[in-house]
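2 protein chains.
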Amino acid sequence: MDYKNIVFNKPYLTGKENHYIYDAVNNKGQLSGNGFYTNKCQEFLKDKYGFENCLLTTSCTDALEMVAILLRIQPGDEVIMPSYTFVSTANAFILRGAKIVFCDSRKDYPAIDEKSIKSLITDKTKAIVVVHYAGLACDMDYIMDIAEENKLFVVEDAAQAIDSYFESSNGEKKPLGSIGHLSTFSFHETKNIISGEGGALVINDSSFFQRAEIIWEKGTNRSSFFRGEVDKYGWVDFGSSFLPAELVSAFLYAQLENIDIIQNKRKEIWTRYFNGLKALEEKGCLELPKTPSYGCNNGHMFYLVCENIEQRTGLLKFLSDKKIKAVFHYQSLHKSEFFKDKYEGEELENSDRYSNCLVRLPMFFELENESIDRIIDVIKEYYTL
Amino acid sequence: MDYKNIVFNKPYLTGKENHYIYDAVNNKGQLSGNGFYTNKCQEFLKDKYGFENCLLTTSCTDALEMVAILLRIQPGDEVIMPSYTFVSTANAFILRGAKIVFCDSRKDYPAIDEKSIKSLITDKTKAIVVVHYAGLACDMDYIMDIAEENKLFVVEDAAQAIDSYFESSNGEKKPLGSIGHLSTFSFHETKNIISGEGGALVINDSSFFQRAEIIWEKGTNRSSFFRGEVDKYGWVDFGSSFLPAELVSAFLYAQLENIDIIQNKRKEIWTRYFNGLKALEEKGCLELPKTPSYGCNNGHMFYLVCENIEQRTGLLKFLSDKKIKAVFHYQSLHKSEFFKDKYEGEELENSDRYSNCLVRLPMFFELENESIDRIIDVIKEYYTL
Numbered sequence: 003m004d005y006k007n008i009v010f011n012k013p014y015l016t017g018k019e020n021h022y023i024y025d026a027v028n029n030k031g032q033l034s035g036n037g038f039y040t041n042k043c044q045e046f047l048k049d050k051y052g053f054e055n056c057l058l059t060t061s062c063t064d065a066l067e068m069v070a071i072l073l074r075i076q077p078g079d080e081v082i083m084p085s086y087t088f089v090s091t092a093n094a095f096i097l098r099g100a101k102i103v104f105c106d107s108r109k110d111y112p113a114i115d116e117k118s119i120k121s122l123i124t125d126k127t128k129a130i131v132v133v134h135y136a137g138l139a140c141d142m143d144y145i146m147d148i149a150e151e152n153k154l155f156v157v158e159d160a161a162q163a164i165d166s167y168f169e170s171s172n173g174e175k176k177p178l179g180s181i182g183h184l185s186t187f188s189f190h191e192t193k194n195i196i197s198g199e200g201g202a203l204v205i206n207d208s209s210f211f212q213r214a215e216i217i218w219e220k221g222t223n224r225s226s227f228f229r230g231e232v233d234k235y236g237w238v239d240f241g242s243s244f245l246p247a248e249l250v251s252a253f254l255y256a257q258l259e260n261i262d263i264i265q266n267k268r269k270e271i272w273t274r275y276f277n278g279l280k281a282l283e284e285k286g287c288l289e290l291p292k293t294p295s296y297g298c299n300n301g302h303m304f305y306l307v308c309e310n311i312e313q314r315t316g317l318l319k320f321l322s323d324k325k326i327k328a329v330f331h332y333q334s335l336h337k338s339e340f341f342k343d344k345y346e347g348e349e350l351e352n353s354d355r356y357s358n359c360l361v362r363l364p365m366f367f368e369l370e371n372e373s374i375d376r377i378i379d380v381i382k383e384y385y386t387l
Numbered sequence: 003m004d005y006k007n008i009v010f011n012k013p014y015l016t017g018k019e020n021h022y023i024y025d026a027v028n029n030k031g032q033l034s035g036n037g038f039y040t041n042k043c044q045e046f047l048k049d050k051y052g053f054e055n056c057l058l059t060t061s062c063t064d065a066l067e068m069v070a071i072l073l074r075i076q077p078g079d080e081v082i083m084p085s086y087t088f089v090s091t092a093n094a095f096i097l098r099g100a101k102i103v104f105c106d107s108r109k110d111y112p113a114i115d116e117k118s119i120k121s122l123i124t125d126k127t128k129a130i131v132v133v134h135y136a137g138l139a140c141d142m143d144y145i146m147d148i149a150e151e152n153k154l155f156v157v158e159d160a161a162q163a164i165d166s167y168f169e170s171s172n173g174e175k176k177p178l179g180s181i182g183h184l185s186t187f188s189f190h191e192t193k194n195i196i197s198g199e200g201g202a203l204v205i206n207d208s209s210f211f212q213r214a215e216i217i218w219e220k221g222t223n224r225s226s227f228f229r230g231e232v233d234k235y236g237w238v239d240f241g242s243s244f245l246p247a248e249l250v251s252a253f254l255y256a257q258l259e260n261i262d263i264i265q266n267k268r269k270e271i272w273t274r275y276f277n278g279l280k281a282l283e284e285k286g287c288l289e290l291p292k293t294p295s296y297g298c299n300n301g302h303m304f305y306l307v308c309e310n311i312e313q314r315t316g317l318l319k320f321l322s323d324k325k326i327k328a329v330f331h332y333q334s335l336h337k338s339e340f341f342k343d344k345y346e347g348e349e350l351e352n353s354d355r356y357s358n359c360l361v362r363l364p365m366f367f368e369l370e371n372e373s374i375d376r377i378i379d380v381i382k383e384y385y386t387l
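In order, the protein sequences belong to chains A and B.
The numbering used here puts the first residue of the first sequence at 3, with every later residue one more than the last.
The numbering used here puts the first residue of the second sequence at 3, with every later residue one more than the last.
One thing to keep in mind: the hints can contain errors.
Any copy, or any two copies together, can satisfy a pair, since identical chains are not distinguished.
Stated by the list, open to error - Derived DSSO-like pairs (lysine-lysine); straight-line CA-CA distance at most 30 Å:
(1) K267 <-> K382
(2) K101 <-> K126
(3) K117 <-> K325
(4) K42 <-> K327
(5) K344 <-> K234
(6) K234 <-> K175
(7) K126 <-> K30
(8) K337 <-> K234
(9) K50 <-> K285
(10) K344 <-> K382
(11) K319 <-> K175
(12) K50 <-> K101
(13) K175 <-> K280
(14) K325 <-> K344
(15) K126 <-> K234
(16) K285 <-> K18
(17) K120 <-> K324
(18) K126 <-> K12
(19) K292 <-> K234
(20) K128 <-> K269
(21) K30 <-> K325
By construction, these hints were calculated from the structure, which means they are not laboratory data.
Quantities reported herein were computed from a predicted structural model and do not represent experimental measurements.
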């Protein structure tokens, strides 16, 4: 039978990207960062999600590096984070000299296991970095409480978590990224809202506002200068060039404007997968994503967890043979070539299980129902072999 | 009299930018970094300037940060560089813990005073960073010799120096950026060749190739993986996300394709300024740029040096009153708010003189002869007051 190829990801274009890029390039007269569209995007994100402050960056990695500088991470400081995450979560802090203390994931979904955090805290711990994997909220009430008790900063790596929420025990619904002291988002082409490469730093603790702007602008007080607050600008702190070019922000704005349409469609796809594969979970063949009671699904990723690595290898090959591109994801960072000799902690059972058993299915705006149904059928076929 | 406003800089568009961006976005199917246009730009730069290897970055700042990581700069290492430079030259190394040792500029033009370098070398010195200010070559024969004698790395901060050359004492003409072990370029909107924000790392010492690619790709061996050299990729080193989005590279490619046209035009403007202002220099009113015998002018910037700060303040105001936007430039980094308490060296007389006395005149592709002539006339008028 002649199957149609189903790719894993296809960047979605709203149709306005070229228009705004053209406007940025040909009309607005500023191509470098911190211009018209950068501001539009920042204001959009603040308005829609109630973020206190927000600065676009060239990547989520760069936003994390800004965090590490803002928190004044020094050699010897310890930072707790899940091992099941992207390398940048760790690299950003390692570049400042931090010792990374890796924590396990939850058994029921890949978020940091909040109950394991306490035992990892020492008098050198400076921050807890949580990752809202697949846009599924970590238990932020619990985590913020631990942090407050121990005077630690909380950073939300919300790379995958745009337009997702946490419901606090008092019933308050908070957007992910608005809870920790600092948060980071990604607009990489594999995300819901994209600009090819791109990211944002969200600053919820106002004591970081001024310095964040300085670090963003290469360690200078250029922003104050343009607001007329100082009469010339100069070198006042560490910093880097974290600003995206205006054409990147122009592209991003076309996406943000259409966020509700994008999100609705992605959540429909997610739900179709979920309903179609439920029977397999009920039979005990595999695990589907668990949306925690305090969280919601933001249609970022549809994953499933196989029983073991052999089953996963078999499933990926079976899908590939039918021209369906499904992929695994992170490998536990504490077992990486770079870190394995430095790791002194315990076994991280769940992190390793997701490393070995998790599969991501194709997930993009233009994925047709027909394709989703075929993917579901092929997975069902695999489990009846 | 009603003067036309003359801005300081106006980004030039070749006309193909939107076309290539459209192609990257709508046809090529990859928006993240390290795609079709990134590769096109890198190949273009290698072919045209004989660079051994080249990686596009999100900014020249980021390219400098890659350099600092590649050189394995550690706390306590010393790096020699001019004080008359942009903050990023220093920040990139400070972020890795380096002690910056600032050097004076030459008396005749703002390049590092190569004769002052030797006395600044200690057993902790790791690298010499030279800045080809205004695209005017530093004395690279002399500097490479000192470096070799002392086993130091040489980094060319060639942010302003695309398409400029150094003529070696043996008569060999080498593009700036091809001489040091590592070099960096900027494509910020104020440069000759632009992408809004953007930069490139040039790697002339092949021992850095493999690690550069890893650092560029967030500390992973993803590039090796895509070439089929390893069967999965993972975390193997430090790193960050240094890659520009494909739309940035697509924009840049439209510029690079037209580099000869851009360069010819800019050099014409430069020459018109130079000829028009020569008489004032001969009268001793001001200094014009000095192109060293081993260098050439790449049309990046037209600057002049006033006798003192009062004369400069007066000139800038006089130009501004006639709606001409001329600007000063760097302030000596060793005297900045951030560094002044850390500086232990001698007075840097020339660096301070350029900080106080240098003026940059409007310089961009579309600057008309009529405007140039008016600027020249206004400057002449100022000096006859």
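Exercise. Tell me, in ascending order, the numbers of any earlier hints that this structure violates.
Key: Hints 3, 6, 7, 9, 10, 11, 12, 14, 15, 16, 17, 18, 20 not satisfied by this model.
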